[in-house]
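Colleague: Here are the chains, one letter per residue:
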Amino acid sequence: MTVTATPAAIEVSHVTKIYRRYTARRQFATLKSALLSGTMLRDLNPDETFPALSDVSFSVPAGATYGVIGRNGSGKSTALKVVAGITKPTAGTVRVHGRISALIELGAGFHPEISGRENVFINGIMLGLSKREVARRFDEIVEFAELRDFIDAPVKTYSSGMYMRLGFAVAIHVDPDVLLIDEVLAVGDEGFTHKCLDKFADFRRRGKTILLVTHSLNLVERFCDEALWLDGGRAKLSGDPRRVVGAYITAVERGEAQSLATENARAREAADAASTAAPVPDAPSPASGAGSPAPDDGFRASAGRWGSREIEIAEVRLIGEDGAPSHLFHTGERVTVDLAVRATVPVDDFAFGIALFNADGICCFGTNTALEQFVSDRFDGSGRVSFVIESLDLTEGTYKLDVAVHRRDGYPYDYHRLLYTFRVRSRTKDVGIYRPRHRWDFSPEIRIRPATG
Amino acid sequence: MLHNLAQLVRYRGLIQSLVARELKARYRGSVLGFFWSFINPLMLLLIYSFVFSVVLPGTHPKEIEPYALFMFCGILPWTWFSSSLLESSNVLISGGNLIKKVLFPAEVLPIVTVLANMVHFLFGLPILAIFLLYYRAPLQWSELAWFPVVVAVQLVLSVGLALVFSALTVHFRDVKDLLANLMTFWFFATPIIYPMGMAGGLGKRLLDLNPFTHLAVSYQEILFYPGPFGHWKWLVALGGVSVLVFLAGYFVFDRLRDSFAEEV
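Here the protein sequences come in this chain order: V and A.
Under the numbering used here, the first residue of the first sequence carries the number 60, and numbering increases by one thereafter.
Under the numbering used here, the first residue of the second sequence carries the number 4, and numbering increases by one thereafter.
Do not rely on the hints blindly, as some may be mistaken.
As the list claims (entries may be wrong) - Listed next, the in silico DSSO-like pairs over lysine-lysine satisfying Cα-Cα at most 27 Å (straight line):
1) A/Lys236 to A/Lys179
2) V/Lys254 to V/Lys295
3) V/Lys254 to V/Lys190
4) A/Lys207 to A/Lys236
5) A/Lys103 to A/Lys207
6) A/Lys103 to V/Lys215
7) A/Lys207 to A/Lys65
8) V/Lys254 to V/Lys488
9) A/Lys27 to A/Lys179
10) V/Lys258 to V/Lys190
11) V/Lys258 to A/Lys103
12) V/Lys215 to V/Lys254
13) A/Lys207 to V/Lys190
14) V/Lys295 to V/Lys147
15) V/Lys147 to A/Lys103
16) A/Lys103 to V/Lys190
17) V/Lys215 to A/Lys27
Claimed, not checked - Facing chain A, according to a computed beta carbon distance under 8 Å, are these residues of chain V, among others:
18) Tyr78
19) Arg79
20) Gly144
21) Arg158
22) Ala161
23) Ile163
24) Glu164
25) Ala167
26) Gly168
27) His170
28) Ile173
29) Ile181
As the list claims (entries may be wrong) - Taking beta-carbon pairs under 10 Å as the criterion, some of the chain V residues facing chain A (in silico):
30) Ile145
31) Leu165
32) Pro171
33) Ser189
It should be emphasised that the hints constitute simulated quantities derived from the structure, not laboratory data.
Note that CB positions come from ideal geometry on N, CA and C, so glycine has one too.
Use the sequences and the hints to build the structure in full.
Modeller: Quick look at the structure:
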């Protein structure tokens, strides 16, 4: 997409926005400095302020659709408000060419007591139209909002969906040159959402500029010419939307994995603290060696650790295809469960077991070495056990892991129940638990093809 | 600041429709609707007449008979003034949604409040006119010509103060309560229920410092007292002061403007 020749519709250069942290104590200082120097922050210490945007620059060429993504609190909405002129940047400049309309909160100016009709007029005037312009577009607005029968009822009697639809209809009919949208596409039922998207497409065709702040990465990939990823108030990456979204997803997954890792460590610690060296005789085994299949008696969702500890599981690692420990895998990936084990005394009767549970507590798979006809001879000192899953054929979701080492009759040496959590990601949003490797075949008269891109 | 002030002219369409909305919304759902704009001052007048002519006769000097009419000349503009300030002190907070979510010139809100109350004041004038005719008040056209001037001065003064109070309330919610008490004090510090002539010496000099004194006296001289309008020098001076108050108020408002979106 070459857009270098067109002039910029929005130019944001080195914008920093610093908010005051809320402290009642400094109320007067804020007021004083605002009055005397026109800025609210002069008399405040750095620990009383909070930077929502730090030195952010980007420019949106006229006619382009520009997406801004980022986590909650990354400064997306602040960026939008600065561009809209609702708040002034603490430092830096913002330039916008052309009439601007901001869809930040729909129907923000509606007065509940008066009719939809009157609100349309006042809202339109607030957004910069003249009375005559509103009158000319009135029918179109009402038609778009699908509120023909209710337009003369007071707005307080509207459902929230009706309210949003009317707000959206007015804002979109202001016919701006630059449209700012903050996560407002989810305002109606399926049909209305499609209408909104059509309207955006129409906007793009007519060469209008759109700045879109959203969590819907899909939308950014499909609609935007360029994207910006904000992280902690800084511009992390900008450019081709696919690349930016891809990088963002990777970072989010890494963050998720990190939080899973700390969660797992915490669960493990708690279990260690509560565990007893004494055996718990009737504790279930992942797959007890007494010939019975995977037990169906519970898999109660209570995490814990127990066992007599003749053999101990010292460490559990989940390793992905790239050979690095992780807590986040993709469907179809090769995953290795790696156990570091240690025998405190020589043992000749032992079995290793493993079981997978989904978030509902359903056992997806469970097995142990005894079930799989391994015969234990002897173990002393320390060693490693690897359970290699050639292809992780699970659907997207969160899963938990049991690992255990026990006697072949089920008597536990060291049993870790639901202490390890990992997440499975899939590009396909299919349902269920098991995702067998599969393909579709069609005879030639069935004309069907995979979506491109 | 001057640039923003010039922008204000562009928003007259918005101000106009917001005033209309304010008036419509106020009485929406009530049976009598717009008639309340007439009934409210009428009731006020009846109550004061009852108290001061029936319950407490002879508590006021002879020169201000009929007393009810005298009071009405002052209370009607006072109601406009005090409700303008009280309502506008809260208007940025209650309109916070607009300031935070829409690109919206905040000064429009206090101005709309003052203007909406002015419309109520204007609706009360026919009631006043009926009473003036009933009591055969000594009206003269040369005096009545001053009436719009008084209204204009009061408008400028009210807008100036409304801008300051609305902006300050954003930072200190205390202003709202302070103001409520101040207005009660201000009412009694203004010759509305007593004539200016009753005050003497120090009291008169103090009353002269109160800007609303000159508005009230002007209304009374034009509508109530016979003879030429002798207070016009004071009124013109107050007009000058009001413009200064307005400019100062706008300056404060403009300086604090950027904080509104964050503080409301």
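Colleague: Hints first: check each against the structure and report whether it holds.
Modeller: Cross-check of the supplied hints:
no., hint, in the structure
1, A/Lys236 to A/Lys179, "violated, 33 Å"
2, V/Lys254 to V/Lys295, "violated, 33 Å"
3, V/Lys254 to V/Lys190, "holds, 26 Å"
4, A/Lys207 to A/Lys236, "holds, 17 Å"
5, A/Lys103 to A/Lys207, "violated, 47 Å"
6, A/Lys103 to V/Lys215, "holds, 21 Å"
7, A/Lys207 to A/Lys65, "holds, 20 Å"
8, V/Lys254 to V/Lys488, "holds, 25 Å"
9, A/Lys27 to A/Lys179, "holds, 25 Å"
10, V/Lys258 to V/Lys190, "holds, 23 Å"
11, V/Lys258 to A/Lys103, "holds, 26 Å"
12, V/Lys215 to V/Lys254, "holds, 25 Å"
13, A/Lys207 to V/Lys190, "violated, 51 Å"
14, V/Lys295 to V/Lys147, "holds, 22 Å"
15, V/Lys147 to A/Lys103, "holds, 12 Å"
16, A/Lys103 to V/Lys190, "holds, 24 Å"
17, V/Lys215 to A/Lys27, "holds, 15 Å"
18, Tyr78, "holds, 6 Å"
19, Arg79, "holds, 7 Å"
20, Gly144, "holds, 5 Å"
21, Arg158, "violated, 11 Å"
22, Ala161, "holds, 6 Å"
23, Ile163, "holds, 5 Å"
24, Glu164, "holds, 4 Å"
25, Ala167, "holds, 4 Å"
26, Gly168, "holds, 5 Å"
27, His170, "holds, 5 Å"
28, Ile173, "holds, 5 Å"
29, Ile181, "holds, 5 Å"
30, Ile145, "holds, 5 Å"
31, Leu165, "holds, 9 Å"
32, Pro171, "holds, 8 Å"
33, Ser189, "holds, 6 Å"
Of the numbered hints stated above, those contradicted by the structure are hints 1, 2, 5, 13 and 21, listed in ascending order.
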